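One letter stands for each residue in the lines below.
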Amino acid sequence: GQSLEQPSEVTAVEGAIVQINCTYQTSGFYGLSWYQQHDGGAPTFLSYNGLDGLEETGRFSSFLSRSDSYGYLLLQELQMKDSASYFCAVNTDSGYALNFGKGTSLLVTP
Amino acid sequence: DSGVTQTPKHLITATGQRVTLRCSPRSGDLSVYWYQQSLDQGLQFLIQYYNGEERAKGNILERFSAQQFPDLHSELNLSSLELGDSALYFCASSVSWELPYNEQFFGPGTRLTVL
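So the sequences go chain by chain: A and B.
1 is the number of the first residue of the first sequence in this note's numbering; add one for each residue after it.
1001 is the number of the first residue of the second sequence in this note's numbering; add one for each residue after it.
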């Protein structure tokens, strides 16, 4: 089967840096995606890692280690608007849909 | 705005009833995915269509079915509804289904409440 583990909640201060970890177990792993979802809203794509290493997109970076079945999302210079849920999701080589983790609720405080 | 539209936004119905949720993908996207989001289960993949054909099935109940029409819009049919079916149902679309990665664009969702 497949499983993804990520912390359920994280709290950080505005302006700080926060890292959200994701570990996965899956067959046919192809890549790891990250999505952001504000309360009740549509998930929106943040980042994708198909290869080991770091991908940077503005204040957000994502990292993947295939050998460790591990990835993380790094959010820098946190802003209040970053308070949201963050989901890691696995693409498998079947090429189809995303298998999401249960999400990490990030609360950014003043 | 992702360009994916879903109707209705809210739906309240009773147990045992049947409902249909509708999704229009972004212009040019051929692949449509349905997801269910409930409080205790997170985002669960239900089913995917590509250019009118079913491509993959996830944790979709037998009481649920879907189709994608020639104009590429998709409908998710939920029947014999139970209280536990209350959830937010998302539709997403992407250009294709093939790898390398295709970003999925999510619609605003339909919130279903079964009383």
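No wet-lab data here; the hints were simulated from the structure.
These numbers come from a predicted model, not from an experiment.
Ideal placement from N, C-alpha and C gives every residue a C-beta, glycine not left out.
Be a bit skeptical, because a hint or two may be false.
Just a sample of chain B residues kept apart from chain A, beta carbon distances all over 12 Å, derived [said to hold, decoys possible]: (1) Arg1022; (2) Gly1028; (3) Leu1088; (4) Asn1102.
Cut-off 20 Å, straight-line C-alpha distance, at most; resulting in silico cross-link-like pairs (EDC-like, lysine to aspartate or glutamate) [unchecked claim]: (5) A:Lys81 / A:Asp39; (6) A:Lys81 / A:Glu5; (7) A:Lys81 / B:Asp1001; (8) A:Lys102 / A:Glu14; (9) B:Lys1009 / A:Asp39; (10) A:Lys102 / A:Glu5; (11) B:Lys1057 / B:Glu1103; (12) A:Lys102 / B:Glu1054; (13) A:Lys102 / A:Asp82.
One side of the interface only, derived from the structure: several residues of chain A facing chain B at Cβ under 8 Å [as the list claims (entries may be wrong)]: (14) Pro43; (15) Phe45; (16) Arg66; (17) Phe87; (18) Leu98; (19) Phe100; (20) Gly101; (21) Gly103; (22) Thr104; (23) Ser105.
May I ask you to check that glycine 1028 of chain B keeps its beta-carbon over 12 Å from the closest beta-carbon of chain A?
At roughly 17 Å from the nearest Cβ of chain A, glycine 1028 of chain B sits farther out than 12 Å, so the non-interface label holds.
Restraint check for lysine 102 of chain A with glutamate 1054 of chain B, where alpha carbons must lie at most 20 Å apart:
violated (26 Å)
Compare the distance between the alpha carbons of lysine 81 of chain A and aspartate 39 of chain A with 20 Å, and conclude whether the hinted pair is satisfied.
holds (11 Å)
Between the alpha carbons of lysine 102 of chain A and glutamate 14 of chain A, is the straight-line distance 20 Å or under?
Distance of about 24 Å is beyond 20 Å: violated.
Holds or violated: are the alpha carbons of lysine 102 of chain A and glutamate 5 of chain A at most 20 Å from each other?
The given pair, whose Cα atoms are some 8 Å apart, holds under the 20 Å limit.
Would the least Cβ to Cβ distance between arginine 1022 of chain B and chain A come out above 12 Å?
Its Cβ never comes within 12 Å of chain A, the nearest being 16 Å, so this holds.
Are lysine 102 of chain A and aspartate 82 of chain A close enough, with their CA atoms no more than 20 Å apart?
holds (18 Å)
Please check whether the beta-carbon of asparagine 1102 of chain B is more than 12 Å away from every beta-carbon in chain A.
Non-interface label fails for asparagine 1102 of chain B: nearest chain A Cβ at 9 Å, not farther than 12 Å.
Phenylalanine 100 of chain A was flagged as interface toward chain B. Is the shortest Cβ-Cβ separation under 8 Å?
holds (4 Å)
Measuring from the C-beta of glycine 103 of chain A to each C-beta in chain B, is the shortest one below 8 Å?
holds (6 Å)
Hey, does the phenylalanine 87 of chain A contact hint survive, CB to chain B under 8 Å?
holds (6 Å)
Regarding the pair lysine 81 of chain A and aspartate 1001 of chain B, is the alpha-carbon distance no greater than 20 Å?
holds (17 Å)
Of the numbered hints given earlier, the model fails hints 3, 4, 6, 8, 12, 16, 22 and 23; all others are met.
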